[in-house]
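K.L.:
Residue 1 is where the sequence shown starts when you use our numbering, and the numbers rise one by one after that.
In case anyone wonders, no lab produced these hints; they're calculated from the structure.
Predicted model, so just to flag it, every value in this text is computed and none were measured.
Keep in mind that a hint or two might mislead.
[Stated by the list, open to error] Distance ranges between label pairs, derived from CB positions:
no., residue 1, residue 2, range
1, ARG178, ALA217, 23 to 29 Å
2, VAL65, ALA228, 29 to 35 Å
3, GLY120, GLU31, 45 to 51 Å
4, ALA290, TRP270, 18 to 24 Å
A virtual CB, placed ideally from N, CA and C, is assigned to each residue, including glycine.
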Amino acid sequence: MHSRSAAGIGLALLAAVTFATSGTFARSLIEAGWSAESAVIARVGVAALVLAIPALLSLRGRWDVLRSNATAIGLFGLLGVGLAQVCFFNAVRYLPVGVALLLEYLGIILVVAWMWLRHGQPPRRLTVAGSVAALVGLAFVLDLAGTADFHPVGVLWGLGAAFGLAGYFVLAGRVDPRLPSVAMASGGMAVGAAMLLLIGLTGLLPLHATFGEVTFAGQPTSWLVPIAGLSLVAAVIAYLAGIAGTRILGPRLSSFLGLTEVLFAVLIAWLFLNELPTGWQLFGGALIVAGVALVRLDELRGSPATPGQPTPEPELALDGR
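Start from the sequences, fold in the hints, and give me the full structure.
P.N.:
Below, the structure written as structure tokens:
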């Protein structure tokens, strides 16, 4: 039992590490002339193709399940994949990767507000404390005292990513338990890539890319390296590890461990991009992570798992990016 739990924790942390690489891989493409929208299409399009076979096998011919969840998959693709990733990748054009990711994670606090305003579910004290800590942390992350560069456009993109992530969590809570998570992931990414490509072809979104050398970790390399990293490492491996870890630990504990993605993202950006937030921003980031952790802890306390019941088909692990 302990070895199984350890394996689940290891898989959840692997998912967090691999998800955390997305901003660093995307930065190398964007600095080489790629639009954020093109980088998202390449990432989720390739990942959707790679996951298509596991998704079809997981359905076992239950096409009625796929048809009855077409709307949920479509909304997940538009919000959890399209909006969240486009906004996040645009945010890293202006902000350090860690700061952009912290702004996106405020989406968890937006879910609290949504559940209160839409469904009349007022937050408990621990959730209120976590939300306040996260908002105070946001003030430090944005460095309102002015000791670091402030990019309002990047902040707006980051908050847009937060709305996309909030939409992901709201939708994930309504997913038909008969729909396998890998099918939801593959279908949502396919929808997201198709919709972004369609909108881009109309000229409403910028679609441009370069196919020469890019600079990654300070070294020139082929554009295929960050594309492979985005689609295979930060999407395929991340989703599969997250799904496997969630099946062992359950969705609540695995999503709680997924908060380490923020810490990994800051470390990876520091190692590969020599990019580190200021001391006050790091302090604010710690407050945001602590606040979100309190909200998650409140969920764990308020909805304990019932012993002896089978583990349901898991939700996707933390990220729709």
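K.L.:
Does each hint fit the structure? Answer for all of them.
P.N.:
Status of each hint after checking the structure:
no., hint, result
1, ARG178 - ALA217: 23 to 29 Å, "violated, 43 Å"
2, VAL65 - ALA228: 29 to 35 Å, "holds, 32 Å"
3, GLY120 - GLU31: 45 to 51 Å, "holds, 46 Å"
4, ALA290 - TRP270: 18 to 24 Å, "holds, 20 Å"
Figure legend: structure checked against the earlier numbered hints; the only hint not met is number 1.
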